[in-house]
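Asks: One letter stands for each residue in the lines below.
2 protein chains.
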Amino acid sequence: MKKLYPVFSFCLLLFISIFSYSQSIAEKLGYDKDSKLLIIHADDVGVSHSVNSATIKAFEKSGISSASIMVPCPWFPEIADYVKQHPQYDFGLHLTLTAEWKNYRWGGVLSAKEIPSLLDKNGFFYSTAEEVAIKANPVEVEQELRAQIDRAIAFGVKPTHLDSHMGSLFTTPDLFQVYLKVGAAYKIPVFIPMNAVKTFPELLQYINEDQIPVDNYFMMQSNRPSDEWTTFYQNIVENLSPGLNEIIIHLAIDNSEMQAVTVDHPDYGAKWRQNDLNTVLSDEFKSALAKNNIKIISWKEIKDLLHSDY
Amino acid sequence: MKKLYPVFSFCLLLFISIFSYSQSIAEKLGYDKDSKLLIIHADDVGVSHSVNSATIKAFEKSGISSASIMVPCPWFPEIADYVKQHPQYDFGLHLTLTAEWKNYRWGGVLSAKEIPSLLDKNGFFYSTAEEVAIKANPVEVEQELRAQIDRAIAFGVKPTHLDSHMGSLFTTPDLFQVYLKVGAAYKIPVFIPMNAVKTFPELLQYINEDQIPVDNYFMMQSNRPSDEWTTFYQNIVENLSPGLNEIIIHLAIDNSEMQAVTVDHPDYGAKWRQNDLNTVLSDEFKSALAKNNIKIISWKEIKDLLHSDY
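Protein sequence lines, in the order shown, are assigned to chains F and E.
185 is the number that numbering that gives the first Met the number 0 gives to position 186 of the first sequence; each next residue is one higher, with no gaps.
69 is the number that numbering that gives the first Met the number 0 gives to position 70 of the second sequence; each next residue is one higher, with no gaps.
Certain hints may be false.
No more than 27 angstroms apart at the CA atoms, straight line, and that leaves these computed lysine-lysine pairs for DSSO-like [claimed, not checked]:
no., chain 1, residue 1, chain 2, residue 2
1, E, K120, F, K157
2, E, K294, E, K186
3, F, K83, E, K120
4, F, K56, E, K120
5, F, K60, E, K180
6, F, K60, F, K35
7, E, K56, F, K270
8, E, K83, F, K120
9, E, K197, E, K83
10, E, K299, E, K180
11, F, K101, E, K83
12, E, K56, F, K101
13, E, K180, F, K101
14, F, K120, E, K56
15, E, K56, F, K56
16, F, K134, F, K83
17, F, K134, E, K299
18, E, K290, F, K101
19, F, K112, E, K294
20, F, K120, E, K60
21, F, K120, E, K112
22, F, K112, E, K32
23, F, K157, E, K101
So the derived list for chain F, only partly shown, Cβ under 8 angstroms to chain E, looks like this [as the list claims (entries may be wrong)]:
no., residue
24, D80
25, K112
26, S116
27, F199
28, S255
29, E256
Just a sample of chain E residues kept apart from chain F, beta carbon distances all over 12 angstroms, derived [to be verified]:
no., residue
30, N102
31, V108
32, N121
33, P224
34, S240
35, N277
Treat the hints as calculated values from the structure; they're not laboratory data.
Every residue gets a Cβ at the ideal spot worked out from N, C-alpha and C, and that includes glycine.
All chains should be built: construct the whole structure from the sequences, respecting the hints.
Replies: Here it is, written out as structure tokens:
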């Protein structure tokens with residue numbers, strides 16, 4: 000019997016691996032196989048006081064289940080202070096390599112000397128993901144992403160997940176690999192939206208069983224008229240597929256600060272963000288979620304599967 | 000006669016120097032000897048959108064005659080864009096070595112590797128001028144001040160003057176010398192408030208005829224009740240001495256952004272700044288200036304005496 004023990008252990012491990020691999024993400028998280036899981040996720044936290052206030056309001060009124068923070072932005076310390084005092088809310092990092100506004104800009108956590116390929120002549124990040132794709136040196140990207148994570152941790156944030164502001168890290172295989180590598184190094188789950196990634200099949204080869212991809216992600220179009228918000232989100236909720244889903248929303252109070260942040264920028268404005276806030280706080284949206292038997296989850300539950308130290 | 004020419008030239012120069020030295024600043028600027036000159040000056044421009052909006056409003060409604068910009072702050076690009084389009088208004092630089100707010104911080108224009116003595120462990124400036132006095136390496140201070148001026152010029156700002164946020168550059172003889180040196184190097188006048196400097200006589204030896212000191216500066220106390228604003232400023236105006244005077248005010252709109260910038264900071268809050276804005280726009284203040292025959296001037300007129308290239 001003693002001699003058989005190693006063989007038995009090996010078979011047990013094999014069985015567990017196969018079983019665990021074949022389990023759906025819903026089952027791994029303790030839900031029925033065909034559950035419709037949904038993360039309601041607010042991006043761009045830390046950009047401005049307006050965004051921070053709207054995000055906090057949405058958490059406290061159960062309008063969202065997760066959010067991600069932009070560490071290089073001016074209002075990062077405010078949200079970090081809130082996160083430390085409210086560990087019950089789910090905050091990840093919105094890894095940032097772009098600064099898209101006209102008169103309100105930011106650079107990296109690292110200095111211009113350390114990440115020259117990521118910054119324009121004024122020391123700010125480029126405005127678009129396309130410029131990042133063309134100009135970014137992946138070695139500098141990795142250093143900057145690690146610096147953003149390290150800074151968040153130093154400020155008392157324990158990131159539940161990582162994602163990518165304006166999708167910069169999905170623009171080239173090199174940058175995508177850096178993104179996965181950094182997530183693995185910190186054992187923090189990374190957001191991989193399969194419905195988007197499938198349109199860029201070159202990236203698929205880098206996804207393996209260590210990652211937990213999101214089957215479908217959804218986001219409001221940038222130029223939609225205000226009166227279509229309810230219909231747009233209700234359609235998503237009513238047609239949600241089983242599996243892991245994420246709705247990405249952009250919250251802000253439509254006030255003078257946010258109007259100035261987004262000035263001369265035709266899309267993604269202050270009103271557009273206020274519409275998202277109004278929607279997730281609305282009774283219509285909340286009752287649509289309940290009626291369609293959607294299971295609202297957060298990234299923390301996914302992170303727990305990875306046994307992260309952070 | 001030819002031989003006498005150098006002697007004549009020398010005498011003429013001597014005469015001009017003596018005459019010019021003996022002229023009061025009012026006379027140099029084309030006013031009567033005993034004129035009461037006053038610069039109404041708004042500090043802290045660039046800190047927030049709220050401060051920028053209030054400062055622009057005060058310029059456009061003739062409530063102020065000058066202002067100074069904090070280059071390292073998040074809203075610097077917004078005000079730089081405005082300055083470029085409105086060269087008629089008088090903007091200098093509020094040289095910045097401190098970041099005094101709790102959850103809204105900034106570091107230098109230079110990186111942490113270049114100015115380690117100026118930054119805390121998070122890469123932000125220290126909160127107080129006292130910490131700057133103790134920790135700042137004057138060589139790094141000079142580099143950072145030059146970087147702030149160079150960045151302003153690169154953004155299209157032609158600074159009419161330099162002054163010092165929270166008075167950091169008046170805290171030690173070493174820092175004061177750096178301040179004067181940088182002003183001289185760029186031929187930009189530096190704000191030297193004689194009524195304050197006289198309380199720290201060690202600084203007096205560094206002031207020479209190349210500088211144009213301000214005889215008296217005035218500023219609202221940080222904890223004054225709101226109903227005393229009118230009296231406070233009317234007293235200043237009614238008792239103004241002949242010579243060069245400056246009232247330093249702090250403008251902002253008392254809104255959610257500015258309340259968040261100044262959160263948990265007992266003094267210099269959003270309401271305090273709104274009170275200053277209300278005062279300089281008020282009919283009472285404007286008629287007090289007129290009644291007391293105050294000549295409102297800007298730093299541009301002083302800068303013109305220095306024949307600066309910028």
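Asks: With reference to the structure, classify each hint as holding or not holding.
Replies: Going through the hints against the structure:
1. The straight-line distance between the Cα atoms of E:K120 and F:K157 is roughly 19 angstroms, inside the 27 angstroms bound, and the hint therefore holds.
2. Proposed proximity of E:K294 and E:K186 is supported: the alpha carbons are some 25 angstroms apart, at most 27 angstroms.
3. Distance hint between F:K83 and E:K120 is fulfilled; the C-alpha atoms sit about 18 angstroms from each other, no more than 27 angstroms.
4. For the given pair, F:K56 sits about 31 angstroms from E:K120 by alpha-carbon distance, which is inconsistent with the 27 angstroms threshold.
5. The straight-line distance between the Cα atoms of F:K60 and E:K180 is roughly 56 angstroms, outside the 27 angstroms bound, and the hint therefore fails.
6. Simply put, F:K60 and F:K35 have alpha-carbon atoms about 22 angstroms apart, close enough for the 27 angstroms limit, and the pair holds.
7. For the suggested pair E:K56 and F:K270, the alpha carbons sit about 24 angstroms apart, so the restraint of at most 27 angstroms is met.
8. Using a Cα cut-off of 27 angstroms, the hinted pair E:K83 and F:K120 holds, with the two alpha carbons roughly 18 angstroms apart.
9. For the suggested pair E:K197 and E:K83, the alpha carbons sit about 37 angstroms apart, so the restraint of at most 27 angstroms is broken.
10. With a C-alpha separation of about 20 angstroms, the suggested pairing of E:K299 with E:K180 holds against the 27 angstroms cut-off.
11. Our distance criterion of 27 angstroms between C-alpha atoms is met by F:K101 and E:K83, whose separation comes to about 15 angstroms.
12. Taken as a hint, the E:K56 and F:K101 pair is honoured in the structure, with Cα atoms around 21 angstroms apart against an allowance of 27 angstroms.
13. The suggested pairing of E:K180 with F:K101 is violated, with an alpha-carbon distance near 34 angstroms, which exceeds 27 angstroms.
14. A threshold of 27 angstroms between alpha carbons decides the hint, and for F:K120 with E:K56 the separation of about 31 angstroms lies outside it, so the pair is violated.
15. Taken as a hint, the E:K56 and F:K56 pair is broken in the structure, with Cα atoms around 31 angstroms apart against an allowance of 27 angstroms.
16. Distance check on the hinted pair: F:K134 and F:K83 sit about 36 angstroms apart at the alpha-carbon level, beyond 27 angstroms; violated.
17. Proposed proximity of F:K134 and E:K299 is contradicted: the alpha carbons are some 42 angstroms apart, above 27 angstroms.
18. With a C-alpha separation of about 44 angstroms, the suggested pairing of E:K290 with F:K101 is violated against the 27 angstroms cut-off.
19. Note on F:K112 and E:K294: the hinted pairing is violated, with a Cα-Cα distance of about 48 angstroms set against a maximum of 27 angstroms.
20. At most 27 angstroms may separate the alpha-carbon atoms for a hinted pair to count; F:K120 and E:K60 exceed this at roughly 35 angstroms.
21. The suggested pairing of F:K120 with E:K112 holds, with an alpha-carbon distance near 19 angstroms, which does not exceed 27 angstroms.
22. Our distance criterion of 27 angstroms between C-alpha atoms is broken by F:K112 and E:K32, whose separation comes to about 53 angstroms.
23. Between the alpha carbons of F:K157 and E:K101 the distance comes to roughly 21 angstroms, so the proposed pair stays at or under 27 angstroms and holds.
24. Among the interface hints, the one on F:D80 holds; its C-beta lies about 5 angstroms from the nearest C-beta in chain E, closer than the 8 angstroms criterion.
25. For F:K112, the interface hint holds, the least distance from its beta-carbon to any beta-carbon of chain E being 6 angstroms, beneath 8 angstroms.
26. Residue-level restraint check for F:S116 is violated (minimum Cβ-Cβ distance to chain E is 16 angstroms; threshold 8 angstroms).
27. A hinted interface residue such as F:F199 counts as satisfied when its beta carbon comes closer than 8 angstroms to some beta carbon of chain E; here the least separation is about 33 angstroms, so the hint is violated.
28. At a threshold of 8 angstroms, the smallest CB-CB gap from F:S255 to chain E is about 7 angstroms, leaving the interface hint in force.
29. Because the beta carbon of F:E256 sits about 4 angstroms from the nearest beta carbon in chain E, less than 8 angstroms, this interface hint is met.
30. Once the 12 angstroms rule is applied to beta carbons, E:N102 is inconsistent with being away from chain F; the minimum gap is 4 angstroms.
31. E:V108, annotated as away from the interface, has a beta carbon of chain F within 12 angstroms; the closest lies near 8 angstroms.
32. Non-interface call for E:N121 relative to chain F: violated, since the shortest CB-CB distance, roughly 7 angstroms, does not exceed 12 angstroms.
33. Every CB of chain F lies more than 12 angstroms from the CB of E:P224, the least distance being 27 angstroms, so the non-interface label holds.
34. The claim that E:S240 lies off the interface holds: its Cβ sits roughly 39 angstroms from the closest Cβ of chain F, which is beyond the 12 angstroms cut-off.
35. Once the 12 angstroms rule is applied to beta carbons, E:N277 is consistent with being away from chain F; the minimum gap is 17 angstroms.
Hint check: violations occur at hints 4, 5, 9, 13, 14, 15, 16, 17, 18, 19, 20, 22, 26, 27, 30, 31, 32; the rest are consistent with the structure.
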